[in-house]
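Colleague: Residue-level listing of the chains:
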Amino acid sequence: MFTFLHKYASLMHFYRLSTRWSSVLALVTAVLMAWGLYGGLVTAPADYQQGDSFRIIYIHVPSAWMSLFVYMCMAGAGAVALIWRIKLAEIWLRASAPLGASFTFLALVTGAIWGKPMWGTWWVWDARLTSELILLFLYLGIMALDNAIEDRRTAARAAAVLTLIGVVNIPIIHYSVEWWSTLHQGPTVTKFDAPSIHVDMLIPLLVMAIAFTTFYLAAVLARVRSGILAYDRNTSWVRELVGGARGNAHG
Amino acid sequence: MAEFLAMGGYGGYVWSAYGIAALVLGTNALLAHRAERAVLRELARDLDGDDDDATA
Numbered sequence: 001m002f003t004f005l006h007k008y009a010s011l012m013h014f015y016r017l018s019t020r021w022s023s024v025l026a027l028v029t030a031v032l033m034a035w036g037l038y039g040g041l042v043t044a045p046a047d048y049q050q051g052d053s054f055r056i057i058y059i060h061v062p063s064a065w066m067s068l069f070v071y072m073c074m075a076g077a078g079a080v081a082l083i084w085r086i087k088l089a090e091i092w093l094r095a096s097a098p099l100g101a102s103f104t105f106l107a108l109v110t111g112a113i114w115g116k117p118m119w120g121t122w123w124v125w126d127a128r129l130t131s132e133l134i135l136l137f138l139y140l141g142i143m144a145l146d147n148a149i150e151d152r153r154t155a156a157r158a159a160a161v162l163t164l165i166g167v168v169n170i171p172i173i174h175y176s177v178e179w180w181s182t183l184h185q186g187p188t189v190t191k192f193d194a195p196s197i198h199v200d201m202l203i204p205l206l207v208m209a210i211a212f213t214t215f216y217l218a219a220v221l222a223r224v225r226s227g228i229l230a231y232d233r234n235t236s237w238v239r240e241l242v243g244g245a246r247g248n249a250h251g
Numbered sequence: 001m002a003e004f005l006a007m008g009g010y011g012g013y014v015w016s017a018y019g020i021a022a023l024v025l026g027t028n029a030l031l032a033h034r035a036e037r038a039v040l041r042e043l044a045r046d047l048d049g050d051d052d053d054a055t056a
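Keeping their order, the protein sequence lines are chains A and B. Each residue of the first sequence is one higher than the one before, starting from 1 at the first, in my numbering. Each residue of the second sequence is one higher than the one before, starting from 1 at the first, in my numbering.
What the hints contain is simulated information worked out from the structure, not anything from laboratory work. One thing to keep in mind: the hints can contain errors.
Calculated from the model, a selection of chain A residues having no Cβ within reach of chain B, i.e. all distances over 12 angstroms [as the list claims (entries may be wrong)]:
no. : residue
1   : 33
2   : 51
3   : 149
So the derived label-pair ranges between C-beta atoms look like this [unchecked claim]:
no. : chain 1 : residue 1 : chain 2 : residue 2 : range
4   : A       : 27        : B       : 41        : 22 to 28 angstroms
5   : B       : 48        : A       : 179       : 20 to 26 angstroms
6   : B       : 2         : A       : 151       : 56 to 62 angstroms
7   : B       : 26        : A       : 151       : 14 to 20 angstroms
8   : A       : 187       : B       : 49        : 53 to 59 angstroms
9   : A       : 20        : B       : 44        : 53 to 59 angstroms
All residues carry an ideal CB built from backbone N, CA and C; glycine is no exception.
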């Protein structure tokens, strides 16, 4: 009885808390995006080698970071879902997949657009680009598998297994620029001794990275709320919530 | 302003990258919001159906 109450309460409480968090996160995202875009497009100086084309970095690098970050969130949620059968973890994994796929798509497309003027080609089959493309296929595969199984809880566990198998790709993406010779440049920011980037260029990049993270959290929470309602559709709190909303709409 | 838009000759590349990013993120925000509304609508319909059953 206690465990039943606990599980029931956690989805309900998370739903209520997340409606509040979402509006705060959306506001923070808007402010940070405005700051990061102004810094990146206006105040940051042009690169001495790449000119203004380097400004694509302010969407390319945050997208690429998020493509990995969202995947690690999904892997963590997948492990929790498989070990403890926590519904919220299943919902979080499912809600994250389209966002992760979107960030991966953006990293690939903005990289191609940046590569054309700088490398002279939209695409090369080198380690960094190919492993990132595999990440996109992993996201799409996880979404397809989740959609192919009718029972939502079984589907979530299958998606969790596939997510955990795909984790092997994450260090490959990260270290690809060190393990193999590649056209893609090495890390600029995460070198601890001294980042090889001017501070006026670096700050907008970090601001945009945080903005992308808060965007992910705001969007995933909206999707998580849909998932919670679907999971708990037959509970009294969802019925009250829906009934109350309907009453307000009519009144 | 024209100089800003030209992006040192890379305007086409820079603005198409930013445009696609805005489109993808905007679509995600919209779809996430719509999904939530759709579930609420669907549940409200179910609840109406239940009420009809109860009164029938």
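Colleague: For every hint, state whether the structure bears it out.
Modeller: Verification of the supplied hints:
Not every CB of chain B lies more than 12 angstroms from the CB of residue 33 of chain A, the least distance being 9 angstroms, so the non-interface label is violated. Listed as a non-interface residue, residue 51 of chain A fails to keep its Cβ farther than 12 angstroms from every Cβ of chain B; the least gap is roughly 4 angstroms. The claim that residue 149 of chain A lies off the interface holds: its Cβ sits roughly 19 angstroms from the closest Cβ of chain B, which is beyond the 12 angstroms cut-off. In this structure, residue 27 of chain A and residue 41 of chain B meet the distance hint of 22 to 28 angstroms, their C-beta atoms being roughly 26 angstroms apart.
The hint said 20 to 26 angstroms for the Cβ distance between residue 48 of chain B and residue 179 of chain A, and at roughly 59 angstroms that hint is violated. Taking the beta carbon of each, residue 2 of chain B and residue 151 of chain A are about 58 angstroms apart, inside 56 to 62 angstroms as hinted. The hinted window of 14 to 20 angstroms between residue 26 of chain B and residue 151 of chain A is violated, with their beta carbons roughly 33 angstroms apart. Judged by the Cβ atoms, the range 53 to 59 angstroms given for residue 187 of chain A and residue 49 of chain B holds: they are separated by roughly 56 angstroms.
For residue 20 of chain A and residue 44 of chain B, the Cβ-Cβ distance of about 22 angstroms falls outside the hinted range of 53 to 59 angstroms, so the restraint is violated.
Hints 1, 2, 5, 7, 9 from the list above are not met by this structure, while the remaining hints are.
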